[in-house]
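Student: Spelled out from the first residue to the last, the chains are:
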Amino acid sequence: MKETSNKYLIAALLLGLAFHGSAIFFTLETTYDALIHLFFADHYANSWFEPWNYEWYTGFTVQSYPPLVHQSIALLSMIGGLKFGMFSVALIAIVLFITGAYRFSLLMTGNKTVAGYAALLAVFSSSFVETLHIFGQLPSIVGVSVLMHALPEIYLWLKTGKKWYLATSLSLIAVTVTSHHVTPIFGMVFFIFPLIGMVIMDVSRAQVNSMKEVTFKLFLNSFFKLFKRIVSFGMLSLVLIIGCIFPYWLNSKANPITQVPIPHGSRDNFLEITSSGLVFFLIPWGILLVLLPYIFYRYYSKRYLFFGLSVTICTILGTGGTTPIPLKILGETAFNILTLDRFTLWASILSIPLMGEFTYRFVEGDLKELIQSKFGAVYHRIIGGILAGLAVFMVVFTMSLNYFRPSQPQKIKMLPIVNFLNQDDHDKWRFLTLGFGDQMAWLSAQTNAMTVDGNYHSARRLPELTTRPIERLENSKFKGVAGIGSLQQFLTTPEKYNLKYIFSNDKFYDPILYFCGWQRLRQLENGIMVWERLNIPPVSSILPKEDVAKWLKIHWGIVPFLTVLIAFVLNIQMLWVNMLKTRFKPIPDFLKYSVSYHKFNRNVLRVTHIWSVFLAIILCYGLYLFYLKNDSQRSPENAIIAYYDALDFKEFEKAHQLIDPNSNLPIAQYMLEISVTDGLLSSYAKMDAIETEITQLNDSTASAKVTTQWITPLEKIEKIDYKTLSKHRKKWYLHPDDLNNDLPPDQLYSANATKYFNQGRRRITTEQTHHEDILKQPVLEVVSAKLVQYDGHYAIIGEVQNIDNVPADVILKGTLYNDDNKELATYNAKYHMKHKLMPKESTSFRINFEGIAWSKTQDSIPDTFNPDEFTPVEFEEQPTKFNLQAAGNVSGSDLYKSVVLSAINIKDKTISGNLFNSGIQEITIPQLLITYYDEQKNMLWVDHAFVKEGVRQQRKQDFEYPMLHAGKVTLINDDMTNIFVNGLPNAAIAGKIVPNRIDNHTTSQLQKIEHPNFSYIKIEINTYIGSPN
Amino acid sequence: MPFKHTYLFLLGLILLSSFSVVQYSETTQPIQLITTQTDYNVGDSVVLKFSTSEGEHPLLYCSNSYGSTLLTGELNANILQYKIPENISKKRGAVSWKLLDKTMSLSGTFTMNPKAEVATMETYIGPPSIEAGGTDYTMLVVIPTDSLDNPVPTNTLVNAKHQFLASEETTDIFTKNLIAYKNIYSKQESGRMLVSSESLGINSKEFTINVSAAIPTDFTISATRPHAYADGNQITTFSTSIIKDKQNNVVSDGTYVTFFITNQKQNILKTTGTTIDGIAQAKIIHPDYKDAWTVKAYVDGMAESESIALQYKSVIEDYNVKFSEQNRSITVGPLQSFMGQMIPDGLHVKLHIYKTNKHIETLTKTSFNGYVNFNLKPAIYSNGNYNFSIETAGITKQFNTKKLW
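Same order as they appear, the protein sequences are chains S and V.
In terms of UniProt numbering, the first sequence is numbered consecutively and its last residue is 1029.
In terms of UniProt numbering, the second sequence is numbered consecutively and its last residue is 405.
Okay, chain S solo, but in the shape it has when bound (with noise of 0.2 Å):
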């Protein structure tokens, strides 16, 4: 018999590869992973046998991923990079899943047209559209597909006993494990098994006439007589699951993953948030939903039953947290670690031979003549048109929905960062991304700083980051408080990361950076702000490394590969046969299964039938929902939540068209009024929580009162509002906001003011710094300091001064230790301190001692995490004494000072005042530092405020702070001589510079309050200039 080409499987490929072949140039690079990839395969490229990386978390083994993947890109770098390298892979990948596709649609259905259909669905089967396009899976579709290579030759094996099949299968099982290896042990589940089951059908049916005589003894005793075939198969890829990647095994049990979950959308309810149920249910099942009935029925036919419960259980699983079921069948940790669109993904690829013959059936089966003869030819042909309408609609929903919600942020220039890490030696420290999404793995790839993020989260080592459901610090905004509370941590005690170096590609964070002591270095020309820390120490040339043994560097190096050249060798000449027609060969035993498609079962039209209706009302049902939700101005409750959210992702032009057109307020006055509030609350605050409280409603007009909290980099922040509503023409619009109106008296004025400019080098040359070129550390004189304790938490207060005659960066270490001297914790002065003093200037200071957040009892993450909040370190023994290290460092940037204390009132515990800028720069974020004292004016305390709003220059800004709640402060220990500054013992360098300084000079300016514990506060003000002119 000769075998014509299968022009549908040609088609298939052709078009897969035109398609997605020209398409992923467009959409790899902005998927979740493909980056990922990209780092591991630069790791490799660069040392392949070392599985050590230094570059991400402080070192990580790349043995905590399976290598095929990496691997191959990184030998196809040598030919032409890097992202060649990925091209190249993800092309390969291309052609496997649909040449996959195929032989598993083959081996299911047994019918070679139904199998070419099966192929060219699957190169638009939306599920892998979006493993491909969104998610950028490379080692999961290389996985499936080399899986779906394997079950033809493990049917041929169990069904016929030869050993030549069993080495082709167990060689591809290899490749799949290399691959990816979350792939062949839920593959085993939910493919393999439902295989043999239906081997074993074969077996049965081919004893006697028909299906139906199949009974459970005849299934059963053909199953003791495969028996052996099933056990040594199933046995031998145990061993290749364990032996082929036996490092990944042997490190996961090494460093098992005690992490604190990562919150992931497939695990959501998705009827609740619509936006997960869109892109891990609704999006790989695609045109599939339509068909649920079909597959369904075909796939518990007796032969498939055993697909049939595969595919349910992986349908159910991959309905996440909609329905409480998967989280009872996977138990709480698998449910917490797997990440369950998998499940999904395997339902749909599952399906797709049943696509394929569904499709056969309808356009030129028996499908087509009982709709023909029932419906007509014309019906026939719209249903055709709607499928094939929904299919393509789908196909192009996905791919271009990175374009309409990016996942990622846009594409950033990596070169000048990376000529900035080459240059003066600025990869001997480490760095930290802000807001560079997944691009933050290309960045490593291409430089070899190092970095205390990184993008492979199951392999973060340090407790501040496993004890937080945080994937990366790199995006830790859009992780809530629990993610900038980790930030936090990094940003005050970032010598012990020897981090020094921050690129920025995010404004929300700049005020946290700013006011936990680092500084902005400049903008590069991609608009990337570096920002670093001074007083950093780098990275020691010697970096610790778990080593492993010598013999598993070598077997993780060679035996990947060593499965593709023996499954190459193996299945080539299969391939060969298979593909080319080259030589004659026996027709594979499944082939004699297939099915006569004859007379399409009335009973499943009807049931897809009036599934699909279904479907129709419950789409057109979501629809109007949408619309309700979505239509602003329906009720009043929308139109404030539309308004709010509308300024709350800056799109003005949307909140003025909510703003009552009887004001008469004229966009561009609004846009006006807007663009000159600055401040935490309007430039860095993302809405967390809105909640809208109707408190009178009529016809025509209404009250809410709304309660919005706010995220913002520094603190949480509740604002209540009172907004007024009015009705016009059925539609719902906000009043305006009153306007300070406030007029500064000059409308050009001017300033002078002593800049400090720091050349660096003097001299061109990569040689170290001349040490004439050196400045001497800034003199600093730590006036006062001592530990106390209130409200449980211990702090050491005091009070600092930059006694020299240049400007100073001043950072502040305590230590504590207990009467044996034994250290106990050890913290940085973050918020409560001014870091930026100028000559003779002074500020009082607070170090907090914060633990590890969390780090004890995981349970017991609050749900509504303040960042402003922190964990103290929970003594095991009573901190007696302390040691405080203050390091001056000069730095000419952050020097604003022109801020005045213009007016303040005490009432009620509460202390209100004006701040006044008479400077020329915009105050983005004033800060209060109060320094509460008793009635013999000792220093007791220091507590901070931030002020929400800016302050404009020549401008008033009023303040509002609530005086500490009554509670005594207990003084620990008030010993000043383990105190040093630059490393030198303070009392004897201050002695020489200030010999007769007239002590507590300044407390008799200090404001008087009533307080049950304190008596008198001082006042100083902290400024953060978001854009300095």
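Check before you lean on any hint, since a few could be wrong.
[Claimed, not checked] Computed cross-link-like contacts, EDC-like style, restricted to lysine to aspartate or glutamate with a CA-CA straight-line distance of at most 16 Å:
no. : chain 1 : residue 1 : chain 2 : residue 2
1   : S       : Lys776    : V       : Asp136
2   : V       : Lys350    : S       : Glu960
3   : V       : Lys350    : S       : Asp958
4   : V       : Lys377    : S       : Asp737
5   : S       : Lys755    : V       : Asp136
[Unchecked claim] Examples of chain V residues lying across from chain S (beta carbon under 8 Å, computed):
no. : residue
6   : Ile215
7   : Thr217
8   : Gln234
9   : Lys283
10  : Ile285
11  : Tyr298
[What the hints assert, rightly or not] Non-contacting residues of chain V with respect to chain S, defined by C-beta distances greater than 10 Å in every case (computed):
no. : residue
12  : Ile125
13  : Ser129
14  : Lys313
15  : Ile360
By construction, these hints were calculated from the structure, which means they are not laboratory data.
Ideal placement from N, C-alpha and C gives every residue a C-beta, glycine not left out.
With chain S fixed as given, assemble chain V onto it according to the hints.
Tutor: Same frame as chain S, now just chain V:
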């Protein structure tokens, strides 16, 4: 019997010892050092010669402060010669050697002396900035080195020179322990000091030391303002006199001065300034009510000024309050300033709202064109009787039991 055994044992021992004494001894000429010179100049060729009768070639272990090496000798007519390599003979200092012979060890030292010439001047100075007053100093360290980069001999003369203002000084210092150093103390004045050094005709490059002023001493302050009215809009500027240290040097630019203002309510306000040429200026907005200020400036812990007093005259004597629209609209104004002009926009007007003598809320608005209008929304303020008090420019007006409906 035991005695017999003891004698036998002793006899045996004596017998045995007679064998051991017999040793074969050969008299050979031991290796001996011929070279007598122990002092060389760097760069000289140094050869250690030994006399020997054997054909032995022991290695010579040779070490100086830079490191150690092993040398093979050359045997020439019973004279063993070891040529010390250049990397040792070019460096000054003691060189110790040891002949690694099997039987006997011979060792010694010789000294390489530096050349009495200067090729380069290695100079260090620090700290680069010091304080005027004569107590702070910077340290100049000079290491004159010869052409082979060896520090010159001890007691080589180095002239340490520095210029400061009109004076140019030269001091003779001598090298000791390889270096010559001098502590240069600051003078009474601040300024820039240039330092260099010279030795045997070779000069170093120029170094700069900044001598900055010492800590400030007490000063005086003054205030300037466009008018003395408390209009809440104009700006008063405080200035210090030229702040100087005790040596009469003007303090460094940027010195931070805090002005504390105590008002009539004994509340403490504060503004700050940094000095330029010794004068710090600080601004503050006028109060919006009649007030008397006492102002005193401080450089924390170091210096202060006398306090000065400032009076602000009331700008608004009285104003009208009008209730309309079911008393829900309250218009305050006209707010007129000292010449009868409308007060500049932005004057704060506070409306305290009380219901049944309980404070509910305080609304703050800013004036616009001399008026402020409060609208009490029915949604927030239900119908009923309220007490209001309006506060602006230090004048409070009370309105009791106003009915809202």
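Student: Indicate, hint by hint, whether the structure satisfies it.
Tutor: Hints, one by one, checked against the model:
1. S:Lys776 to V:Asp136: holds (14 Å)
2. V:Lys350 to S:Glu960: holds (15 Å)
3. V:Lys350 to S:Asp958: Status holds; Cα separation ~13 Å.
4. V:Lys377 to S:Asp737: Holds - the C-alpha atoms of Asp737 (chain S) and Lys377 (chain V) are around 13 Å apart, at most 16 Å.
5. S:Lys755 to V:Asp136: violated (26 Å)
6. Ile215: holds (6 Å)
7. Thr217: violated (11 Å)
8. Gln234: holds (5 Å)
9. Lys283: Result: holds, 4 Å to nearest chain S Cβ.
10. Ile285: At about 5 Å, which falls below the 8 Å cut-off, the nearest Cβ of chain S leaves the hint on Ile285 (chain V) intact, so it holds.
11. Tyr298: holds (5 Å)
12. Ile125: The claim is violated: Ile125 (chain V) sits with its nearest Cβ about 7 Å from chain S, within 10 Å.
13. Ser129: At about 5 Å from chain S, Ser129 (chain V) fails to clear the 10 Å cut-off, so the statement is violated.
14. Lys313: holds (17 Å)
15. Ile360: holds (13 Å)
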